[in-house]
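Asks: Sequence:
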Amino acid sequence: MSKKGESNKRARGSADDAAETAVVDDSNPPLTMPQIQTRIRQLLARLPTKEETAALTPDDLPGLEAWCRTVRGILRNYNLTLNFVAVANYQWEPDRPGHTGQSLGALRNQISLSTAQTNIASNHIGRVLTPTLDRQLMKKRTVQLENGDKEEIYVYENVVNDPEMLQLNREQLCSEAIYKRQLLVSTMEQMCQCMDDYQKAEAGAAGGDGQRFSMAY
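Using the working numbering, you'd call the opening residue of the sequence shown number 1 and step up by one each time.
If you are wondering where the hints come from, they were derived from the structure by calculation, not from laboratory data. Predicted, not measured: the structure shown is a model, and the values here were computed from it. Where a beta carbon is used, it is the ideal one built from N, C-alpha and C, also for glycine. Since no wrong hints were added, every one of them can be taken at face value.
Below, a list of computed lysine to any residue pairs in the SDA-like style, where the Cα atoms sit at most 20 Å apart:
1) Lys180 / Ala116
2) Lys180 / Ile120
3) Lys200 / Leu31
Using C-beta positions, here's what the derived DEER-type ranges look like:
4) Ala45 / Pro131: 22 to 32 Å
5) Ser175 / Gln42: 24 to 34 Å
6) Leu137 / Gln193: 49 to 59 Å
7) Pro131 / Ser175: 12 to 22 Å
8) Ala54 / Val155: 36 to 46 Å
9) Leu137 / Glu164: 16 to 26 Å
10) Ala45 / Gly126: 16 to 26 Å
11) Pro163 / Val87: 37 to 47 Å
12) Leu80 / Leu145: 45 to 55 Å
13) Pro163 / Ser112: 29 to 39 Å
14) Thr57 / Gly126: 14 to 24 Å
15) Val185 / Thr142: 54 to 64 Å
16) Glu171 / Lys140: 28 to 38 Å
Please model the complete structure; the sequences and the hints are all you need to start from.
Replies: Right under this line is the structure:
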């Protein structure tokens, strides 16, 4: 390897080392695969506990909606974090080793599966927090103006389109909450494991040089 090549590799390694030690939190997005895994584990730790989830009931609407808002926020951050996988693993197509296709495909499929699994919970939460509304006329009154004219005032309100369906969605979510929480836990943990497997496969195939991984999806 030329001196220039060695210098570029050392510089890239220094940049990667700095990225690995960077803080990852709500204000600092992940830049590398390990950081993405760290971020996922942070979000996983924010999920409501199994005991809190088991205590959900349609009779405690504030508690149910608070649980839904918490989980919805976590899932939004989780799906946003997954988008950084492509950023962290970008590599120019001609420079990508031929062996990367299989592990790349496995990671890509796992990301798609993970998104589909989390959507099972997020879609149900959406039906509870944002039911279909109709705009209905609730009140009409006539006001006599000083000049003798009359002005009609209409009062409209947004009302739930199907209250019975909303109540059914609430009851169903409460009865399935433990299962859906566990689905999210397992999905996020499995995603971290898949990233571990991907990095190990790439590093091994590249002879231990895992400084950069390829990703395209």
